[in-house]
Amino acid sequence: MQRDLPDERIERVYAIGDVHGRLDLFTKLIGRIGRDHEVRSSGAAKIILLGDIIDRGADGAAMVHGCMKLTAASDRFVVLKGNHEEMMVQALDGDLKTYRAWLEFGGRETLISWGVDLAAVTADATKSDLRRAARRVGPAVLTWLDQLPLYSQHDSFVFVHAGIRPAIPLGQQDPGDMLWITDDFLESELDHGVTVVHGHSITDDGPDVRANRIGIDTGAFRTDRLTAIRIERGDVCFADTYGHDDFVPLSSDRFLGRPR
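Letter by letter, the sequence shown follows residues 230 to 489 of our numbering.
Source of the hints: derived by calculation from the structure; they are not laboratory data.
Don't take every hint at face value.
Taking CB as the label site, the calculated pair distances span [stated by the list, open to error]:
#1 Ala-291 <-> Lys-326: 26 to 36 Å
#2 Leu-419 <-> Gly-263: 28 to 38 Å
#3 Asp-403 <-> His-294: 25 to 35 Å
Quick caveat, the model's predicted, so the values are computed rather than measured.
For each residue, glycine too, the CB sits at the ideal point set by N, CA and C.
Take the sequences, apply the hints, and build the full model.
So, in structure tokens, the structure goes:
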């Protein structure tokens, strides 16, 4: 199972929810993370994107190319695989039915951001359209997307796109669950042995904080709220692009136990 390498030197971790092609929000949030890191105690930081950096929003290509450069430059910038990255790889691998389904699932905006001809991103797309789109995106991008890690771990926190199957050891998790799971994970009150930080399941009005998990997909593509959390010595704070400019504690009664 793919995962990123541990780094004992990391002092704090910033995790960012589903960007979905919103480069404008990502740029704003990264700026806030940079300023926050500068004013804190010395020590290295790691930034983890929880997957779904593409689709729905207009800047999928720019997000991917930017993240490719950042991951190549430093192992402290990590992008996890989301179900949308998985779908893009499968769609452009040659299956026309999957390709058409992905277009309706947000892939159309991603291919347009790559400059793919509009005629190739309709419900009537042909096998030839699919091949042209794949060539436009390029094999280097598809290989990078396909090889993204499924999860990352820091101290007592595990970062993953969708979640994990309760009662299954981390090393034995089904990749499909880590990319797609919803209710079986969200409704579980089991102690996973770690706190799971995830995206995938949207809560529009802020992080979804439970005893065993923290959800930070706040529907950025439609709400303009992209959320990040900072984890340092076990303390968790959050900031977003929708009113919370500075990182504030997640332990507020406003969030704990809030119904989904």
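Verification of the hints:
1. For Ala-291 and Lys-326, the Cβ-Cβ distance of about 28 Å falls inside the hinted range of 26 to 36 Å, so the restraint holds.
2. Under the hint 28 to 38 Å, the C-beta atoms of Leu-419 and Gly-263, about 37 Å apart, fit the expected range.
3. For Asp-403 and His-294, the Cβ-Cβ distance of about 30 Å falls inside the hinted range of 25 to 35 Å, so the restraint holds.
No hint from the list above goes unmet by this structure.
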